[in-house]
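Q: Protein sequences, first through last, are from chains B and F. Counted the way the working numbering counts, the first sequence spans residues 293 to 406. Counted the way the working numbering counts, the second sequence spans residues 4 to 114.
All clues given are correct.
Subject to a maximum C-alpha distance of 30 angstroms in a straight line, what follows is the list of computed DSS-like cross-link-like pairs (lysine-lysine):
id, chain 1, residue 1, chain 2, residue 2
1, F, 5, F, 59
2, F, 5, F, 45
3, F, 73, B, 349
4, F, 73, F, 5
5, F, 59, F, 45
6, F, 73, F, 59
7, F, 5, F, 70
8, F, 5, B, 349
9, B, 349, F, 45
10, F, 70, B, 349
11, B, 305, B, 349
12, F, 70, F, 59
13, F, 45, B, 305
Bear in mind the hints are in silico, worked out from the structure with no lab data behind them.
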Amino acid sequence: KAGVTQTPRYLIKTRGQQVTLSCSPISGHRSVSWYQQTPGQGLQFLFEYFSETQRNKGNFPGRFSGRQFSNSRSEMNVSTLELGDSALYLCASSRTDGTPYEQYFGPGTRLTVT
Amino acid sequence: QKEVEQDPGPLSVPEGAIVSLNCTYSNSAFQYFMWYRQYSRKGPELLMYTYSSGNKEDGRFTAQVDKSSKYISLFIRDSQPSDSATYLCASLSGGYNKLIFGAGTRLAVHP
Numbered sequence: 293k294a295g296v297t298q299t300p301r302y303l304i305k306t307r308g309q310q311v312t313l314s315c316s317p318i319s320g321h322r323s324v325s326w327y328q329q330t331p332g333q334g335l336q337f338l339f340e341y342f343s344e345t346q347r348n349k350g351n352f353p354g355r356f357s358g359r360q361f362s363n364s365r366s367e368m369n370v371s372t373l374e375l376g377d378s379a380l381y382l383c384a385s386s387r388t389d390g391t392p393y394e395q396y397f398g399p400g401t402r403l404t405v406t
Numbered sequence: 004q005k006e007v008e009q010d011p012g013p014l015s016v017p018e019g020a021i022v023s024l025n026c027t028y029s030n031s032a033f034q035y036f037m038w039y040r041q042y043s044r045k046g047p048e049l050l051m052y053t054y055s056s057g058n059k060e061d062g063r064f065t066a067q068v069d070k071s072s073k074y075i076s077l078f079i080r081d082s083q084p085s086d087s088a089t090y091l092c093a094s095l096s097g098g099y100n101k102l103i104f105g106a107g108t109r110l111a112v113h114p
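Could you build all of it, start to finish, from the sequences and the hints given here?
A: Below you can see the structure in the form of structure tokens.
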């Protein structure tokens with residue numbers, strides 16, 4: 293069974309630009325969550341999507357947004373990039389039809405903002 | 004104060020040692036507790052989870068939760084160099100898959 297895939301794996305952008313990251317969940321998983329990982333703040337929850345609807349959102353500014361498609365694939369977008377947005381962006385998928393909502397992470401997209 | 008606190012280490016032990024990794028949490032509503040392992044340049048990998056208080060064992064790994072003291076532990080028996088990684092504790096916050104992570108403890112097991 294294929295795991296969670298994320299594209300691209302590495303990205304370099306300039307301050308002020310925008311970026312779109314993609315996540316394909318494990319087959320059959322309908323929930324996709326996004327996390328930001330930095331050395332200073334650790335792993336922080338961004339948002340979660342299920343059946344194309346955002347069900348939960350973390351404490352990030354509105355520059356961070358996402359969406360989910362009917363095939364459960366998800367994208368997240370960061371507009372007006374800042375230097376502090378440099379991080380590893382991880383997505384995780386889960387089935388949500390049982391306990392305890394086991395989440396399986398992809399390898400992440402490493403974003404560098406210069 | 005963070006909802007889940009974890010000593011970032013690093014922790015260095017000889018091969019074969021018993022490793023104890025610990026976290027504390029502040030929200031008494033937390034019910035599910037997870038341990039993830041993250042190798043360098045990889046995504047976190049779910050090791051095991053527990054619900055409420057008690058112990059859970061899986062091979063060389065034992066997870067323990069004490070809700071009275073809000074304490075989460077992971078024990079690794081007969082540690083191996085391949086166990087060298089960052090270990091993250093996490094708790095499920097409310098519903099809808101929002102995980103609150105500790106800072107992660109970097110473990111090095113040397114031969």
